[in-house]
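> Protein sequence lines, in the order shown, are assigned to chains X and B.
Residue numbers for the first sequence follow our numbering, beginning at 315 and rising by one.
Residue numbers for the second sequence follow our numbering, beginning at 419 and rising by one.
Since the hints were derived computationally from the structure, they do not count as laboratory data.
Keep in mind that the hints are not guaranteed to be accurate.
With the C-beta cut set under 10 angstroms, the calculated list includes, among others, these residues of chain B facing chain X [claimed, not checked]: (1) 455; (2) 459; (3) 460; (4) 468; (5) 470; (6) 507; (7) 509; (8) 510; (9) 514; (10) 517; (11) 519; (12) 521.
All values derive from a computational prediction rather than experimental measurement.
Using N, Cα and C, we set each Cβ at its ideal position, and we do this for glycine too.
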Amino acid sequence: GENVEQHPSTLSVQEGDSAVIKCTYSDSASNYFPWYKQELGKGPQLIIDIRSNVGEKKDQRIAVTLNKTAKHFSLHITETQPEDSAVYFCAASRGNTPLVFGKGTRLSVIA
Amino acid sequence: GAGVSQSPSNKVTEKGKDVELRCDPISGHTALYWYRQSLGQGLEFLIYFQGNSAPDKSGLPSDRFSAERTGGSVSTLTIQRTQQEDSAVYLCASSLGPMNEQFFGPGTRLTVL
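Put together the whole structure using the sequences plus the hints.
Below is the structure:
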């Protein structure tokens, strides 16, 4: 089955700097890669996703890149703000199968 | 509009007792998922319902865990003879279909003493 590894487990950045979180997956048939943000006491919320037919997707300060050959994908947050502080999860699936999540990255943006 | 709701928000129980956790998905969503999130860990898939198809139970950790989805809407996750290692946050999510965005509820924090 699918296995998703996520790094780093914790990340601290200064406000205004960029943050990068990386994930690798094992199942070459996976074709859907969402990223979720989880704030304290809340359920995860989708912030961006990418499907295997594209290599990059951007939404304002957030971007995701996908390298199918290497089986890894990354989340990039630019111009970080204190409200970006949260736990971020990557996930992968074949689309019609349940998501397999990474273990999460706790991002702290220091003002 | 209403999102996914879960009840109770917190549940404290004694080892050996049975518990029921409820999930109300977004109206019209055919897919419903249960996950478990242990402290500092990622989300562990438990069970998946899609329409009228037989559920995917491949993530259930033991036969003490079971789930139902009545009328294609509300779902109940039941844990029998709870153990301390069952303590976690149980999250429910729903989506329009299997390849659509999953919307998560706020979770039920289960503590087994």
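> Of the hints stated earlier, which fail here?
Per hint list: 5, 9 violated.
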